[in-house]
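S.K.: Given these sequences and hints, build the entire structure.
With the working numbering, the residue at position 89 of the sequence shown is 89, and numbering never jumps.
Fair warning: there could be bad hints in the mix.
What the hints assert, rightly or not - Below, in silico cross-link-like pairs of lysine to any residue (SDA-like), each with a Cα-Cα straight-line distance of 25 angstroms or less: (1) Lys3 <-> Gln153; (2) Lys3 <-> Asp115; (3) Lys6 <-> Asp115; (4) Lys3 <-> Gly165.
To be verified - Here are the computed distance ranges between Cβ atoms for each label pair: (5) Asp115 <-> Asp33: 13 to 21 angstroms; (6) Gly84 <-> Val31: 36 to 44 angstroms; (7) Arg144 <-> Ser23: 18 to 26 angstroms; (8) Leu2 <-> Trp58: 30 to 38 angstroms; (9) Thr4 <-> Glu81: 28 to 36 angstroms; (10) Ala103 <-> Gly22: 31 to 39 angstroms.
Think of the hints as simulated: they come from the structure by calculation, not from any bench.
Note that the Cβ used here is the ideal one computed from N, Cα and C, for glycine as well.
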Amino acid sequence: MLKTLKTAYSDTRAADLAWCLGSDPLPALAVLDLRLGAADVQLRLLGASHQVIVEEEWGSCSETVACMPGSRTPLPGGLAERVGPWEYEFAARVENLSAGSFARRAQELLALVADHPQGLAGTFPGAPHAFTAILAQRHQDQLRWRTWHAYPQEGRLVATRSRVGTRIPALI
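M.R.: The structure is reproduced here in structure tokens:
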């Protein structure tokens, strides 16, 4: 699903993005509710930021990548944590692209997510290559999602990958 977000593009630097696990839902500009297996998943666009909220009968998990005032948790390159009964993994990378490459990559990603039933993307009025996109899927006992945060004025694209899955008990 592709939405034009009803706000001006305001996040200006990829380096301003921060990561947070476990925050409450933040005001969203666009939301997509999904049922993936036994999980209710909510994809939320917060401007040039995102939030994913996962709820299953045995727990919940929320991930936020946003420009959060006062946040001291920068976007990590990678990490793994336990969240209730789940194992959670996160990875991020920043791509530096030329203007032409950036425009092509933006068009490819927006086309991928806009036509996907488990995808949500938002563009900004007057800034077609400034966007945030989320694509979710279930694979066996894992939920996975990928996100893209575009900063055309810098030629930077921030890509993240996340996974949450059931913890496998230790064998005795």
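S.K.: Among the hints numbered above, which are violated by the structure, and what are their numbers in rising order?
M.R.: Hints 4 and 6 are the ones this structure does not satisfy, whereas the remaining hints hold.
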